[in-house]
Amino acid sequence: MLEKSPLDPHPISLYSVNLAGGEDCQKPLHFYQSILGGKVLKESFGHAELELDLGLRIVFSKETEHCPVRGGTLTLSPKEENQKQVLLSKLKHIQSVDAKGYSLHEDPWGNWIWIYVDNT
27 MLEKSPLDPH PISLYSVNLA GGEDCQKPLH FYQSILGGKV LKESFGHAEL
77 ELDLGLRIVF SKETEHCPVR GGTLTLSPKE ENQKQVLLSK LKHIQSVDAK
127 GYSLHEDPWG NWIWIYVDNT
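Be aware that the sequence shown starts at 27, since it is given in this note's numbering, and climbs by one per residue.
For the record, the hints were derived by calculation from the structure and aren't laboratory data.
Just the calculated beta-carbon pair ranges, DEER-fashion:
| no. | residue 1 | residue 2 | range |
| --- | --- | --- | --- |
| 1 | G48 | L78 | 16 to 24 Å |
| 2 | F71 | N108 | 32 to 40 Å |
| 3 | E77 | K53 | 14 to 22 Å |
| 4 | A46 | E107 | 25 to 33 Å |
| 5 | D124 | I61 | 33 to 41 Å |
Built from N, CA and C at the ideal position, the CB exists for glycine as well.
Put together the whole structure using the sequences plus the hints.
Structure below.
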């Protein structure tokens, strides 16, 4: 079980819920926006992001060589390096996309989890 930091009650945040976007990610983006509302953050053929009023981000991705896609994937964003290391120790590494700050992992049940470190 992950230990909570005494300084921060939420050391790891849910960055996004990820869904497969098919061949054109704009289509599911607008489909879900018509149902859920929200604000379009990014929109392109291969990648789209919708932010719901509650702050939850839904990311739609087209599968490519550098971006394997599996619907229902989570992206987690640890706020501190030690929290990242604790999280990574519990997951199986699948691949890294270092230039983008992402790495892909699998939990013990086969669910995919992207770890994203925002270096901006």
